[in-house]
Amino acid sequence: MNIDISRITRTFGAFRALDDVSLNIGDGELVALLGPSGSGKTTLLRIIAGLETTDADCKGSVSFNEVDVTNKAVGKRGVGFVFQHYALFRHMTVFENIAFPLRVRPRSTRPSGTEISRRVQELLDLVQLGGLAKRFPAQLSGGQRQRIALARALAVEPQVLLLDEPFGALDAQVRKELRTWLRRLHDEIHVTSVLVTHDQEEALEVADRVVVMNKGRIEQAGSPEEVFHQPATKFVMEFLGQVNVFHGRVAAGKASLGNLTVEYPAWPHEEERAATFYMRPHELDIRKHPSDGASLAARVTRVNPAGSSARIGLQTADGVDLLVELTLDRYRDLDIKRGDDVFVYASQTRVFVPDYEVDYAI
Amino acid sequence: MKWKFKSYSVLPGFGLTMGCTVVWLSLMVLIPLSALFLRASGLTAEELWKTVTDPRIVASYRLTFGAALVAAMINAVFGFIVAWTLVRYDFPFKRLIDAFVDLPFALPTAVSGIALTAIYSKNGWIGQYLEPLGIKVAFTPLGITVALTFIGLPFVVRTLEPALHDLEKDTEEAAAILGANRWQTFWRVILPALLPSLLTGFALSFARAIGEFGSVVFISGNMPMKTEITSLLIITKLEQYDTTGATAIACVMLLASFVLLGAVNSVQWYISHRSRGGS
Numbered sequence: 001m002n003i004d005i006s007r008i009t010r011t012f013g014a015f016r017a018l019d020d021v022s023l024n025i026g027d028g029e030l031v032a033l034l035g036p037s038g039s040g041k042t043t044l045l046r047i048i049a050g051l052e053t054t055d056a057d058c059k060g061s062v063s064f065n066e067v068d069v070t071n072k073a074v075g076k077r078g079v080g081f082v083f084q085h086y087a088l089f090r091h092m093t094v095f096e097n098i099a100f101p102l103r104v105r106p107r108s109t110r111p112s113g114t115e116i117s118r119r120v121q122e123l124l125d126l127v128q129l130g131g132l133a134k135r136f137p138a139q140l141s142g143g144q145r146q147r148i149a150l151a152r153a154l155a156v157e158p159q160v161l162l163l164d165e166p167f168g169a170l171d172a173q174v175r176k177e178l179r180t181w182l183r184r185l186h187d188e189i190h191v192t193s194v195l196v197t198h199d200q201e202e203a204l205e206v207a208d209r210v211v212v213m214n215k216g217r218i219e220q221a222g223s224p225e226e227v228f229h230q231p232a233t234k235f236v237m238e239f240l241g242q243v244n245v246f247h248g249r250v251a252a253g254k255a256s257l258g259n260l261t262v263e264y265p266a267w268p269h270e271e272e273r274a275a276t277f278y279m280r281p282h283e284l285d286i287r288k289h290p291s292d293g294a295s296l297a298a299r300v301t302r303v304n305p306a307g308s309s310a311r312i313g314l315q316t317a318d319g320v321d322l323l324v325e326l327t328l329d330r331y332r333d334l335d336i337k338r339g340d341d342v343f344v345y346a347s348q349t350r351v352f353v354p355d356y357e358v359d360y361a362i
Numbered sequence: 363m364k365w366k367f368k369s370y371s372v373l374p375g376f377g378l379t380m381g382c383t384v385v386w387l388s389l390m391v392l393i394p395l396s397a398l399f400l401r402a403s404g405l406t407a408e409e410l411w412k413t414v415t416d417p418r419i420v421a422s423y424r425l426t427f428g429a430a431l432v433a434a435m436i437n438a439v440f441g442f443i444v445a446w447t448l449v450r451y452d453f454p455f456k457r458l459i460d461a462f463v464d465l466p467f468a469l470p471t472a473v474s475g476i477a478l479t480a481i482y483s484k485n486g487w488i489g490q491y492l493e494p495l496g497i498k499v500a501f502t503p504l505g506i507t508v509a510l511t512f513i514g515l516p517f518v519v520r521t522l523e524p525a526l527h528d529l530e531k532d533t534e535e536a537a538a539i540l541g542a543n544r545w546q547t548f549w550r551v552i553l554p555a556l557l558p559s560l561l562t563g564f565a566l567s568f569a570r571a572i573g574e575f576g577s578v579v580f581i582s583g584n585m586p587m588k589t590e591i592t593s594l595l596i597i598t599k600l601e602q603y604d605t606t607g608a609t610a611i612a613c614v615m616l617l618a619s620f621v622l623l624g625a626v627n628s629v630q631w632y633i634s635h636r637s638r639g640g641s
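Going down the list, the protein sequences come from chains A and B. Going by the working numbering, the first sequence opens with residue 1, and the numbers climb by one from there. Going by the working numbering, the second sequence opens with residue 363, and the numbers climb by one from there.
This is chain B alone, in the form it adopts within the complex (with noise of 0.2 Å):
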């Protein structure tokens, strides 16, 4: 057959609404993101290596992905608890309950990163309790993981909602009825069709948390080789007029952010894919 840049349709538009989306594309994510590389490309590629594997830096990588990462994983479990009984359940004050997902969302970060400092904090209210039992929260990677796993929640749980109200019914009362317990009703039916929404979910609260600065920058503490984050990294640099040696950690987070996004999408793609029969 032969290649055609697009299929006919009787319904005019293509063209504005592409050229559109390719102007604004470029205007809002392409060019600024170039513009990085390219002013990164200013230093020396030994230059360039020694920045980005500094110690100090290598260690904040560390910190950033590990605990977006675990963030991303704990809101993929309670994410699903939560959006399985907003979806499944009928209970007084579900709406309110419903809008206080979104709060994360709505919530300026520095205001959240305040709260949480606040609660977690020696003298907090969860933190008096956790100091005499050796936990510390606030000031350590666990306040970290905290913060982000706070402003990821909302979506694991919008993304999974849609997918938990297309959930057939009928295929769990025919498991039900082909002898399988709730367990693996579980996780042989129910599990396997949300999973390509939960992958999404799970990458987008990852993506996010990799990105946060906010809620981060109080809780953590700062502290360098132990509680620094990438981005604040960043910022130390723009503040030291070190713009270079800034965007080239960006570019470097950048990357690693592409490729992490990249592979969860491909499994994603995989498993969606699989089961809609292409082969």
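Isolated chain A, as found in the complex (with noise of 0.2 Å):
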């Protein structure tokens, strides 16, 4: 099912949560929204499954498969949704929870007692929690919960799976174990589905294709690697990943921060204005004596090598603190110590000039 989201919004009194948004979903693709609290991907998503309406003056739709669906109602629009704490039916056993949407239906397309059962059971033997049928949800744990809500949800054979933070209330441990059996489940049965996340992690990790939003717009849509590498703005720079922010100037095609000079043909202007440089703690690197090409100088402020890589704090003599992530190898290659004063050089930097938005990079 391909979900097509044309020129939506959502305004809650003042409060503008979705602005014109617009975003196509592939059949069976796995799209994650990712971004901020307050940055519109929950009622994107409520909008989706139908839970929340569009602004009354709003002549944006929903289609699913070209069909329109925007006034259809919740129940009838074949979309399994996962909530994040869980919504299950406390009252009900797990097996009359994911029973429950099949016993509701209009009697004439309800299945027959022995046939709800065999559905339950091979749905339980799906999210691979076969036997706890019996159970009731203050039984199981957090994770158990939260695939048991997934049962339920495709208890209804959707179309559309729309996940709304479904990991958010699980801790570390549990959410990358269930965020790898997403991807399984996913490939495994090709929904099309929607994740909403602020865990830019779970998003990049899970997602074929990732949403990142702010403020009630898609500042970008792209496979993980595109938003990670190649940022459209700002905002998507700064949301993913760690990365060490600069102030310095452009002018006539040129960008520069200290000694440092970047063509910023994007700006021919001789106008000087205000610029921001960005760069990854893995795209820089320390050197004890100054070489070719223009670099930082700074002093080593700590270093903490416990992990997969080192990182290097340091502080530059203006007084801006930056990270560099180092392999193991090249630090212990450098041998330097808190106090040192080392020069950075950067292989990659990004520059934004403020309501100018086009980046350039080395």
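One thing to keep in mind: the hints can contain errors.
To be verified - Once the Cα atoms are required to be at most 30 Å apart in a straight line, the calculated DSBU-like pairs of lysine-lysine come out as: (1) K531/B / K76/A; (2) K72/A / K215/A; (3) K59/A / K72/A; (4) K498/B / K588/B; (5) K176/A / K134/A; (6) K531/B / K215/A; (7) K588/B / K484/B; (8) K531/B / K176/A; (9) K76/A / K59/A; (10) K531/B / K72/A; (11) K531/B / K134/A; (12) K531/B / K59/A; (13) K215/A / K59/A.
Stated by the list, open to error - Examples of chain B residues lying across from chain A (beta carbon under 7 Å, computed): (14) D532; (15) T533; (16) E535; (17) A536; (18) A538; (19) I539; (20) L540; (21) G541; (22) A542; (23) Q546; (24) V551; (25) P554.
What the hints assert, rightly or not - The following label-pair restraints were derived from C-beta to C-beta distances: (26) P554/B / G13/A: 31 to 37 Å; (27) Y451/B / P106/A: 27 to 33 Å; (28) N627/B / P106/A: 37 to 43 Å; (29) M435/B / D187/A: 51 to 57 Å; (30) Y451/B / D318/A: 57 to 63 Å; (31) P554/B / D187/A: 33 to 39 Å.
Don't read these hints as lab results, they were simulated from the structure. By construction, the Cβ of each residue, glycine as well, lies at the ideal position given by its N, Cα and C atoms.
Work from the hints to combine the two standalone chains into their complex.
See below:
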């Protein structure tokens, strides 16, 4: 099922949760809506589900396979929805929870008792919790509850699966497990899925495509690799992964930061403007002595080699903090200690001019 | 595991508070109640049986418990609707209407009795329209039920309100997405979740109605065998200096209330215990 969202606007009082948003989701795709809280990602998901309406004067629409469903009732859209806090029916057993969508069908399409049992067992096996049919939700762990909620959502045989921060209430270990499991499950059943998350790691790992949202707008939509390595906007750059931020100037096709100069043909004007420089920690290198090319002089303030890479904290003469990530080998070769004066070299720098967002990288 | 009277806590105060609780409960509840039984034991078994099975008194039991039960059931339904409206919707004068719910609590029962009688008697505001329809309210069991419904309403509303607040919006949305219509959502999802609180409210309203006196004696008319409630008969006996007889009836009331409340509470415990996963 392909989902076409076109020009959706939604305001809550004075707050604009979604501002003219359009997005196309392909059949069988797993898309992550990623953004900070208040970015409109959950509102968008709820509009796809039909749990939320668009503004009365909004002419936008939501279509499933070219059929407009904007005004279709929530129960008739054929969507499965997984809530952050599971939303299981507490007074029902796991079995009854999953059987619920089958039991509430109109009599003419309602499966028989044995058929229901068979389907529920099938779904329980799919989420690998076959033995828990008789338990109550309160007797399950968070991860198990969310899997049951997923099984229940799948019981309607949805054309579209919507997940609202499904792992948000779980602890880190279970989160990682379920994330991998969800990806495997999606590869098995191939249902078009939309996942809302504020966890960039989750989005980048699970999704086929990541849609980065901010202030009710889509900042960038692309493969995880694209959004991470070719951020379209300043916001995406800052939101995904760690980044060092410097404030420099741009004029006449050149952006400069101290003695570091970057070609910036996007701003050919003579007039000088403020520019922001972004450098990812792993795209920086440290040398003990200055060599060819421009560099930033800095002093080592913190050294942390615990982990798969070594993270070095530094401070420039202007008092700007920055972080450099080195491979452990490189760190051992360098042999740096706290208090050393070193030179930082950038293999890649991105420059954004405020209100003029075209990025340029060397 | 070894049984312990209390689990260890670093915060002191258990001894003092438990002591106060026991003394207070004994003083205010247990001692008066046991005095009641002691008093009643002044009668021989035969006398006792005769007193409590006197036809006039048996008729009063039937009326008291019957009317209280009907009133509690009416309150369960309409109290539910009132609580639902107050929790779910915003409307003008909501706080005022919310305060009205407590009026039956706050009003001296004699006042409500007089007010209800005035309204429902033959010439009253409502009574004058019901009379031609052949419906008599004042001085009939119906009138007693009206009075008992009136005083029991706040119990259901106030016990349901917090439960309604706690009801997760998620689960209702989930039911809707899973294809349930509003009616199915109500019966299968909302009502079962609220049932323990509804039962508590029902039990409180029922218990209050059984013991009600002030608001009933005016509207009931107190006709022997027809509209006499048990509390009234206790007073009548006391006025005739038949203290032992009065206490005997009181004991029956006490036991019956106890059994009924115990039954409702066990049902409620069973329901909430089950969903909490205790087997």
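Query raised in the report: Out of the numbered hints, which ones does the structure contradict?
Result: none
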